[in-house]
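Asks: Residues per chain, in single letters:
There are 8 protein chains.
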Amino acid sequence: MDWDRERRTGVPEAVLCERKSPEQIAAIVAAARAKNRKLFLTRLSAAAFAALAPDVAGLLDYDPLSATAILGAPNDAGTAAMKSPIGIVAAGTSDLPVAREALRALAFHGHVAPIIADVGVAGLWRLLEQIEQIRRFKVVIAVAGMEGALFSVLAGLVAAPVIAVPTSVGYGVATGGKVALYAALASCASGVVVVNIDNGFGAAAAALKMLGAARAQGTTPGP
Amino acid sequence: MDWDRERRTGVPEAVLCERKSPEQIAAIVAAARAKNRKLFLTRLSAAAFAALAPDVAGLLDYDPLSATAILGAPNDAGTAAMKSPIGIVAAGTSDLPVAREALRALAFHGHVAPIIADVGVAGLWRLLEQIEQIRRFKVVIAVAGMEGALFSVLAGLVAAPVIAVPTSVGYGVATGGKVALYAALASCASGVVVVNIDNGFGAAAAALKMLGAARAQGTTPGP
Amino acid sequence: MDWDRERRTGVPEAVLCERKSPEQIAAIVAAARAKNRKLFLTRLSAAAFAALAPDVAGLLDYDPLSATAILGAPNDAGTAAMKSPIGIVAAGTSDLPVAREALRALAFHGHVAPIIADVGVAGLWRLLEQIEQIRRFKVVIAVAGMEGALFSVLAGLVAAPVIAVPTSVGYGVATGGKVALYAALASCASGVVVVNIDNGFGAAAAALKMLGAARAQGTTPGP
Amino acid sequence: MDWDRERRTGVPEAVLCERKSPEQIAAIVAAARAKNRKLFLTRLSAAAFAALAPDVAGLLDYDPLSATAILGAPNDAGTAAMKSPIGIVAAGTSDLPVAREALRALAFHGHVAPIIADVGVAGLWRLLEQIEQIRRFKVVIAVAGMEGALFSVLAGLVAAPVIAVPTSVGYGVATGGKVALYAALASCASGVVVVNIDNGFGAAAAALKMLGAARAQGTTPGP
Amino acid sequence: MDWDRERRTGVPEAVLCERKSPEQIAAIVAAARAKNRKLFLTRLSAAAFAALAPDVAGLLDYDPLSATAILGAPNDAGTAAMKSPIGIVAAGTSDLPVAREALRALAFHGHVAPIIADVGVAGLWRLLEQIEQIRRFKVVIAVAGMEGALFSVLAGLVAAPVIAVPTSVGYGVATGGKVALYAALASCASGVVVVNIDNGFGAAAAALKMLGAARAQGTTPGP
Amino acid sequence: MDWDRERRTGVPEAVLCERKSPEQIAAIVAAARAKNRKLFLTRLSAAAFAALAPDVAGLLDYDPLSATAILGAPNDAGTAAMKSPIGIVAAGTSDLPVAREALRALAFHGHVAPIIADVGVAGLWRLLEQIEQIRRFKVVIAVAGMEGALFSVLAGLVAAPVIAVPTSVGYGVATGGKVALYAALASCASGVVVVNIDNGFGAAAAALKMLGAARAQGTTPGP
Amino acid sequence: MDWDRERRTGVPEAVLCERKSPEQIAAIVAAARAKNRKLFLTRLSAAAFAALAPDVAGLLDYDPLSATAILGAPNDAGTAAMKSPIGIVAAGTSDLPVAREALRALAFHGHVAPIIADVGVAGLWRLLEQIEQIRRFKVVIAVAGMEGALFSVLAGLVAAPVIAVPTSVGYGVATGGKVALYAALASCASGVVVVNIDNGFGAAAAALKMLGAARAQGTTPGP
Amino acid sequence: MDWDRERRTGVPEAVLCERKSPEQIAAIVAAARAKNRKLFLTRLSAAAFAALAPDVAGLLDYDPLSATAILGAPNDAGTAAMKSPIGIVAAGTSDLPVAREALRALAFHGHVAPIIADVGVAGLWRLLEQIEQIRRFKVVIAVAGMEGALFSVLAGLVAAPVIAVPTSVGYGVATGGKVALYAALASCASGVVVVNIDNGFGAAAAALKMLGAARAQGTTPGP
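Sequences listed follow chains A, B, C, D, E, F, G and H, in order.
Per the working numbering, the very first residue in the first sequence carries number 36; after that it's consecutive.
Per the working numbering, the very first residue in the second sequence carries number 36; after that it's consecutive.
Per the working numbering, the very first residue in the third sequence carries number 36; after that it's consecutive.
Per the working numbering, the very first residue in the fourth sequence carries number 36; after that it's consecutive.
Per the working numbering, the very first residue in the fifth sequence carries number 36; after that it's consecutive.
Per the working numbering, the very first residue in the sixth sequence carries number 36; after that it's consecutive.
Per the working numbering, the very first residue in the seventh sequence carries number 36; after that it's consecutive.
Per the working numbering, the very first residue in the eighth sequence carries number 36; after that it's consecutive.
Keep in mind that the hints were calculated from the coordinates and are not lab data.
Note that the structure is a prediction, hence the values are computed from the model and not measured.
Keep in mind that a hint or two might mislead.
[Unchecked claim] Simulated coverage check for chain C against chain D, where a stretch passes if three residues somewhere in it have a Cβ under 8 Å from a Cβ of chain D:
1. 150-157
2. 177-190
3. 202-208
[To be verified] Taking lysine-lysine pairs in the DSSO-like style, the calculated list, with each CA pair at most 30 Å apart, reads:
4. Lys55/G / Lys213/G
5. Lys55/G / Lys73/G
6. Lys118/H / Lys213/F
7. Lys213/C / Lys213/H
8. Lys213/B / Lys213/D
[Stated by the list, open to error] Selected chain C positions facing chain A (in silico; Cβ < 7 Å):
9. Asp37
10. Arg54
11. Arg72
12. Asp96
13. Asn231
14. Ile232
Note that beta-carbon positions come from the ideal geometry of N, C-alpha and C, so glycine has one too.
Using the sequences and the hints given, assemble the complete structure.
Replies: The following block contains the structure:
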């Protein structure tokens, strides 16, 4: 682990568990405890979590839907979902695991961000009914699969930067998430920035860095 | 030319001029005149039109924006744009050549269809302001490039079938039109059907076949 | 669920079950019953159906071949297969699950559509023997995998619009269905419109919208 | 040049002119004359032919449509188109340059093969009207672009091997010829074998080798 | 089944078992027996074969390596491997299942073709040691995965047509077999024709058609 | 033009000139002047600029390197490059046109942002020498083509959000810019967000929105 | 097996076990023993190793992390990791299986090469801290997945040739390893050469050949 | 320019001229002269060279076939082609520009390397006739387009490392050079390492680094 990364970049390294053995994960957890560090683990499937030794698993706050685990108490930044500067908007139920990975990563840093769900553009009114609430966020994380039309519609309606997280939800041409990814990149609405498919953690990290820019910015005479 | 196709399928063959020499085009025009047939020519660039012999060019009604030409007077189906059963919706100015290929192909069959332009979803209100008018069409031809979000938003708002025509408008990942094509195919709104990139003629042919279905349908006790 | 979608677009939202847990499906079924709505569920595998609680499963009319389930009695539109305005043409036995997804979705709306099967173009005479019957349909749903040659041959023989449903049947270069999809889009026969790979439901929804266009059309002085 | 190749394989090397300078082509022609060999040159555009020195160009039998040139008199195998064992079937006018590259390569070896043109499957009857004639060929070279449906239909109707030559004719998804190529490879009709896109020469070479197999075969007690 | 195909094309339809249920396979076998026809089944895995009812399985001559089954006694064309006009050349051990699918399909038609194995070009001498034997075949079926260099080397050494069967053997960029496929299509040695990845049956069918061309050819005054 | 977009989203629509005729551009400029609006035009090549009527061209501040034009005086936000909150980092000389498109778009909004050039990672020390200066920016726009390694190295060294702009600089596998794009998306350093290939304007718009988030953020008790 | 390959090329053939049955592997091992040869087996999963007969498995030195096995004692070239001319640099923990395949293949030839791990560029200082040690190697094998930025950074810092081994570590756009592969090929730092994804054995073989070049070189008056 | 790179890595930076203006190139040349450095310029087309100011062009040793230019006298390493440790093997005439880019880059460093041309594997004997000469090189640069079979055949015959340079020579599926690239990466002969398509300079740089390894190696007790 690059323990120094948080100091340099403001965001710690996450532990991608997908190809790690239970022993490797246990070793990383032990190293973190020895250094009195917190950890955020991603892509830890329910089966992989169950394979951990009980004394390791017992240390972790595990969430099966997002397949994430947290070691150590989250930071307390004093915000609540009600007035969170970051909002997560998800197109459909199938996008929730990725949306929740972002939520958990934000919680790890003390942000309690709300998820506004089921606002895909095929049912445009559901999105428009909530648009005023969404406009209050300083940064919007948008999570969508299939054709990813949500990204463009949303970015055309809000002043906040929109971090698009394409998901691998879809079939046929949409298998794997590239259609949603490309739709986000090709968006005719400017202000959309994009992270890798299913990368909820990366979106959260970027949102935090943007707030950091804002915070830093708040102490200068301004742009 | 397959002169019999119109009788079998209700829509005549179009002449794709892209790889044809002036002599080949002249020969096809001559054959059509000899049989007293009308012709619809597509992808006839301004340079290619200029290369035709004057006596051939003089016979054609040429439109440079859509790169189409018509031999013979269009059918008169007695409709006007105001009450056309088919409407063409175009996302942006750059999509107009393809939208106009559809318009010209409809005109060839006696339909005066309107183009509702500049209603891309990044400026959602422009679309919503015109949605009532669009809802009156029996068939909607939607033309969009870039990320193609228009297809999903539109299909979620109207009861008519939506024929998506992705265009090759775009750059970077959107070069060539595949992002818009895939977005149309992966649309989370059902009722979207798709034709090849830039294929305005094909969309018009399909729209006419749908109306034919409707017309035939109108004479039976019906579904 | 977007309960309002049927009113706006004439076709209700389908429930894509592929990534949903038994609990999520049960919740959607319960919500539909509370609102006294019918539901159409797609991509519900036999294993996923077996995982549902018996009181939920007992409410559903399940079809394992197409992996679809229906909650509530289908509409009765008064048609029978014999005189259905919509026909389904399938190239081979392996395409039947997708053809049946379309059939079930049509049945959900009260249409009893026939499937004309095993008419792939390698055995052209089998198709030609049935072509007169196919010509009587107002809308044709064509289902084929592999190289998808059926779409072009069929569209050159009938006046009805042909909705091509490419299937993921095939191996080697045809794995996943993109060859059939591209063949449908590149068809040299006009009047072919295309939906996503394996999307039988989408084809049915589009067919119904086309009939709706026809029906609406039937009440006006016509095109 | 690999002057020995014809002896080993029965077919001489062709000269692909696409990236060669006039000087390089002149040198190859001179070398062939010095060895008293014939040459077959492909992809020699009209502009490239015009750039050759007159004394070089004057030695060549040049055909602009197929962009091929021949040095030396063709072999005389004693066949005429009427009873040629090899037939070339082309889907459309735009496929003729490739069909003609095959015709010229066969002529180079003394075979006068006919081209049966404009038999694309969207106008199925045009193909069926000529199918008896096509059935008389021992080897069929089929040339088609777009969606390449001709390959499957043809192979389902004839007993001869079908050599599919996909062409780069098409636009949108069909740009470059990969859709026709994949359709040929994925054909549900067995007996289709495939060469590279636009490779009329390669198809001719393979057809000659097949006849050679037949010829050799004819002299043994045989299968 | 298209029982008439063999009469039209000289090669019967094969039964692709990959997506068929035991019941569907049993029905096809029963239909064949009722018509007193023989059957060739491909892609019937050991698990799928084991799932067949014993009375169905008992009728079949099953080969697990090639995953093929035969119903009925093979034709007896009177050839033996020693003097077979068709030879199968395989690059490596991992290519044997596909090579054997070709061998079994040939046996189904009465041809006992030999497999020359382990002659990949990285060990060129192994190929050269056997090249004289290979040169005696009238048609060569070449089976190779990875980078498919065998196809070009072989076609540069023999006068017979070479039917390239790319296999899905490989990893990294070679996963799925497209590198070998493209190498076959792009071969700088002419006379290579190509079938779909892993399509041993298709290669056998094409080889038989080529012999048929030869046989038919043998009865005419010839080319 | 969507004149209302700036009010809704904080960033006005840019005019993508790539497929627009001189007349269309003149009409848009006239419309902007009639409404007393400023305009930012992108992808206006030197040839296209030269084709504009002199009275139109005379109104524009044109920059050939970035192919951008500005109508109207830029906003004056009171910043200078020396203390700009936004910095642009470019890997090589060939990336400068895209970097300058971002610089010009920022200037249009009153930000004078510096470009730190020639800091590609093959010469790592050049980047490290300037890293302290780069660390002072609140938002970093990184511009790189080829393999795009700059994005990861940079994001591992700074606390600011990094907006990656992949460029189409490169050849062979890097042609078109997808390698740099994918490298940015797959970055093992979190906090990288990505826009379309060559989209300098989009990066500038996103950077401004991030500052807006920061500014808005600065007036609340904060996260 | 091509037993003669080592004599010709200096490196023996490896046995790729991925698609081989336990019987096939046993036969190869028996053949090697009969000829008194050593063997290196790759892609032998733990399950495949467990399926070997005990008397075969007992002969092998098996390493589960790299999925490799060795028959026979390794050569003893007299080097130790401390002064090995070849060094292996791995970006992250997930890349270790591939790095270890290289290490084991080197060990098979008597080279004890060290692995420098966890030096991905997102934590640049970890790499820089070890760069002096890395600079002492004559050949560097670099192993990285995701965006593969390590290859460029490393090649810009060392004088030794860098053999890039992209790994299939990654998700979303990085799935399968092509992003890392392309990044290596497009590297703006010259001197990077590349092998197939996950091909640790190939990198080791190439490194040995380079040392051989050096060795041979050492006996001549030099370049 | 990264003037320090040669000291760090043994190979100087090359100047890729493809997107540089005459002014930018002149500035780089001037900077090199001011520092008394030599320069190697690649992808400088004849048209671009002609566009340079005469006083700049006059300083350069320009080679139109390889589109390279050299500023300053090459190093004199005292080798001649006859005993060069590096050999360049090219499959066909069309590959010569890339082969010559490598030759010129080697000459820039004082190595006079020979090109062995026209040894493509379709004419295997031409390669075998020269194999003894090729075996004498310490490092082999192999240049081939189309299907790239040369790489595997060569690497199976020599003990030296083979640096494969795929070229963009080819058409149809081989357009752009990816087939040759993938064939090199998937080679079943180990010891092949690969550089980007058409990257003759990169191959030369890698070859020099390998010799450097050898040289360094020669001075240690060594493996």
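Asks: Evaluate each hint against the coordinates.
Replies: Hint-by-hint comparison with the structure:
1. For a cut-off of 8 Å, the count of residues in the stretch 150-157 of chain C with a CB near a CB of chain D stands at 3, and the three-residue condition holds.
2. Counting residues of the stretch 177-190 of chain C whose CB lies closer than 8 Å to any CB of chain D gives 8, which reaches the minimum of 3, so the coverage claim holds.
3. With a threshold of 8 Å between beta carbons, the proposed coverage of the stretch 202-208 of chain C by chain D holds, since 3 of its residues qualify and at least three are required.
4. Our distance criterion of 30 Å between C-alpha atoms is met by Lys55/G and Lys213/G, whose separation comes to about 26 Å.
5. Using a Cα cut-off of 30 Å, the hinted pair Lys55/G and Lys73/G holds, with the two alpha carbons roughly 19 Å apart.
6. Between Lys118/H and Lys213/F the alpha-carbon distance is near 42 Å, which puts this suggested pair outside the 30 Å criterion.
7. A C-alpha spacing of about 21 Å is found between Lys213/C and Lys213/H, which places the hinted pair at or below 30 Å, so the restraint holds.
8. The straight-line distance between the Cα atoms of Lys213/B and Lys213/D is roughly 15 Å, inside the 30 Å bound, and the hint therefore holds.
9. Because the smallest distance between the Cβ of Asp37/C and any Cβ of chain A comes to about 4 Å, under 7 Å, the interface hint for this residue holds.
10. Below 7 Å, beta-carbon pairs count as interface contacts, and Arg54/C has one with chain A at about 5 Å; its hint therefore holds.
11. Evaluation of the Arg72/C hint against chain A yields a violated restraint, the C-beta minimum of about 15 Å exceeding 7 Å.
12. A hinted interface residue such as Asp96/C counts as satisfied when its beta carbon comes closer than 7 Å to some beta carbon of chain A; here the least separation is about 23 Å, so the hint is violated.
13. The beta carbon of Asn231/C is positioned within 7 Å of a beta carbon in chain A (closest approach about 4 Å), and the interface hint is therefore held.
14. Nearest Cβ of chain A to the Cβ of Ile232/C: about 3 Å, under the 7 Å cut. The hint holds.
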